[in-house]
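Undergrad: The chain contents come next:
Protein chains: 2
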Amino acid sequence: MTIELLETHKVFKGEQRKYSHYSTVLDCDMVFSLYLPEASEKQPTSLIWWLSGLTCTDDNFSQKSGFQKAASDQEVAVVIPDTSPRGEDVPDEDRYDLGKGAGFYLNATQEPWAKHYQMYSYLTEELPEIVHQLIPDFSGKESIMGHSMGGHGALVLGLKEPQRFKAISAFAPILTPSEVPWGKEAFSAYLGTDKASWKEWDATYLIKQVEQAPPVFVTQGTNDQFYEEQLKEDIFLKAAEGKTVQYQAEPGHDHSYFTIATFIKKHIQFHINELNR
Amino acid sequence: MTIELLETHKVFKGEQRKYSHYSTVLDCDMVFSLYLPEASEKQPTSLIWWLSGLTCTDDNFSQKSGFQKAASDQEVAVVIPDTSPRGEDVPDEDRYDLGKGAGFYLNATQEPWAKHYQMYSYLTEELPEIVHQLIPDFSGKESIMGHSMGGHGALVLGLKEPQRFKAISAFAPILTPSEVPWGKEAFSAYLGTDKASWKEWDATYLIKQVEQAPPVFVTQGTNDQFYEEQLKEDIFLKAAEGKTVQYQAEPGHDHSYFTIATFIKKHIQFHINELNR
Numbered sequence: 000m001t002i003e004l005l006e007t008h009k010v011f012k013g014e015q016r017k018y019s020h021y022s023t024v025l026d027c028d029m030v031f032s033l034y035l036p037e038a039s040e041k042q043p044t045s046l047i048w049w050l051s052g053l054t055c056t057d058d059n060f061s062q063k064s065g066f067q068k069a070a071s072d073q074e075v076a077v078v079i080p081d082t083s084p085r086g087e088d089v090p091d092e093d094r095y096d097l098g099k100g101a102g103f104y105l106n107a108t109q110e111p112w113a114k115h116y117q118m119y120s121y122l123t124e125e126l127p128e129i130v131h132q133l134i135p136d137f138s139g140k141e142s143i144m145g146h147s148m149g150g151h152g153a154l155v156l157g158l159k160e161p162q163r164f165k166a167i168s169a170f171a172p173i174l175t176p177s178e179v180p181w182g183k184e185a186f187s188a189y190l191g192t193d194k195a196s197w198k199e200w201d202a203t204y205l206i207k208q209v210e211q212a213p214p215v216f217v218t219q220g221t222n223d224q225f226y227e228e229q230l231k232e233d234i235f236l237k238a239a240e241g242k243t244v245q246y247q248a249e250p251g252h253d254h255s256y257f258t259i260a261t262f263i264k265k266h267i268q269f270h271i272n273e274l275n276r
Numbered sequence: 000m001t002i003e004l005l006e007t008h009k010v011f012k013g014e015q016r017k018y019s020h021y022s023t024v025l026d027c028d029m030v031f032s033l034y035l036p037e038a039s040e041k042q043p044t045s046l047i048w049w050l051s052g053l054t055c056t057d058d059n060f061s062q063k064s065g066f067q068k069a070a071s072d073q074e075v076a077v078v079i080p081d082t083s084p085r086g087e088d089v090p091d092e093d094r095y096d097l098g099k100g101a102g103f104y105l106n107a108t109q110e111p112w113a114k115h116y117q118m119y120s121y122l123t124e125e126l127p128e129i130v131h132q133l134i135p136d137f138s139g140k141e142s143i144m145g146h147s148m149g150g151h152g153a154l155v156l157g158l159k160e161p162q163r164f165k166a167i168s169a170f171a172p173i174l175t176p177s178e179v180p181w182g183k184e185a186f187s188a189y190l191g192t193d194k195a196s197w198k199e200w201d202a203t204y205l206i207k208q209v210e211q212a213p214p215v216f217v218t219q220g221t222n223d224q225f226y227e228e229q230l231k232e233d234i235f236l237k238a239a240e241g242k243t244v245q246y247q248a249e250p251g252h253d254h255s256y257f258t259i260a261t262f263i264k265k266h267i268q269f270h271i272n273e274l275n276r
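Note that the protein sequences, when read in sequence, are chains A and B.
Start counting the first sequence at 0; every next residue gets the next number (numbering that gives the first Met the number 0).
Start counting the second sequence at 0; every next residue gets the next number (numbering that gives the first Met the number 0).
Excised from the complex, chain A in its bound form (with noise of 0.2 Å):
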């Protein structure tokens, strides 16, 4: 297994980094960033997943969100892996939310996408390996959050393995996706229409279903072009009655990271709080 680091930048007092590598998960060279810490005396240093939304690479957090100043602050790392399999030979279709860049976090069943289309496995069981061992002294302690699609992606992640994951948020997530525009149509491409096969990649589903789901913030702007059809919470949030839910509507806001730079230090926080109990 080669991991080829291509990028390191000193950002705060941590190093920003990208590395590349060829997955056997979804059979195909990936890139994902990592953000280091400075080395510190004080306590292993925990990890968090940060997964990103429809279009985005790994570029788009480490570049636009800011969230280096929180991360070295609390001396905590985070990873920020790709949003779909990759490369020529990857199926693809002409549109934004769909194929490439629209991965879903998930595992696809249906043709062409079975073949590459494995976000889910990849993210649990292949890229972990790797990251925990780029991390020195690394707690074994880690959470996860994402924005848009990406929200759904740390959900979905979060309440499947409650016992890895010590907090989840989200920026906009997309909390039904069998009940919106964007995740019927990327469910029945990648699953097929039978929508029994749908409930286990919807947080929705799987926040009823989970005894110990671990505690949830979510931060969802009201000025957000996608919130009337895409992400509304009203289900969500009946679905999730009796567990740790904070849901924040932030008066103004839109969707783009302009949001995620504005609160990613009180996201930040949430996870310190947990990841350090």
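I should point out that these hints are in silico values taken from the structure, not numbers from a laboratory.
Zero decoy hints are in this set.
Identical copies look the same in the list; a pair holds intra-copy or inter-copy alike.
Computed cross-link-like contacts, SDA-like style, restricted to lysine to any residue with a CA-CA straight-line distance of at most 20 Å:
#1 Lys12 - Asp223
#2 Lys207 - Ile234
#3 Lys265 - Ala69
#4 Lys12 - Glu249
#5 Lys17 - Gly251
Small disclaimer: the values here were computed from a predicted structure and weren't measured.
Model the placement of chain B on the given structure of chain A, informed by the hints.
TA: Below, chain B without anything else, positioned relative to chain A:
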């Protein structure tokens, strides 16, 4: 004169806006970005100009530096012009360091550049009138900063108009353009080969000439790939003897926006100290 608001995004307590307008000085349509802090009752709002480096548009600084946190906290407006004239009618070359994205903030005298490449007049005569009117309760106080080619631009504008600009700061600026490849190639093309005409666009010449220079603050990463060939400081610092210049080498930092993100708060604090005097 028509100014069109293209975008507005809430970020921290203010708004990141993008405008377009027709520039009579440049004879083309131009775009600029403007951060407006939340309306304050404490004091009128001052304005910091940011000039970007080679290949950039108004987007790089607004999306990658995270400057909005400090600008919001300090309640200061920040305007980000483009780096050259734009459009199909504007001459260009198939290289990153001449033509579009590489206007060098001067007034060109040579063909084919002279008709459109008048960035200095644009930034000192036309754009200020537009921007000042967009800031509610403008204090009339301005300062200027920039990166690389834009650091050169900030120094040139600030030193040519020392009464107007209360402070100058720069990240990895081209301090001696007449002596380094980037500057020599651009000046030869835009100004001609008579080096006498280069002096008024060279910070090292200007800082020697100006009687009362605004205070200058420079941040230079020691791991900057362009440092040795393009960005050395010794000649400039010698020329600046007797002026207020703080030159800060930052170990391990490179030429990227990650360095800007790390130190932008410190730069904005420097500007605020001078603007509030």
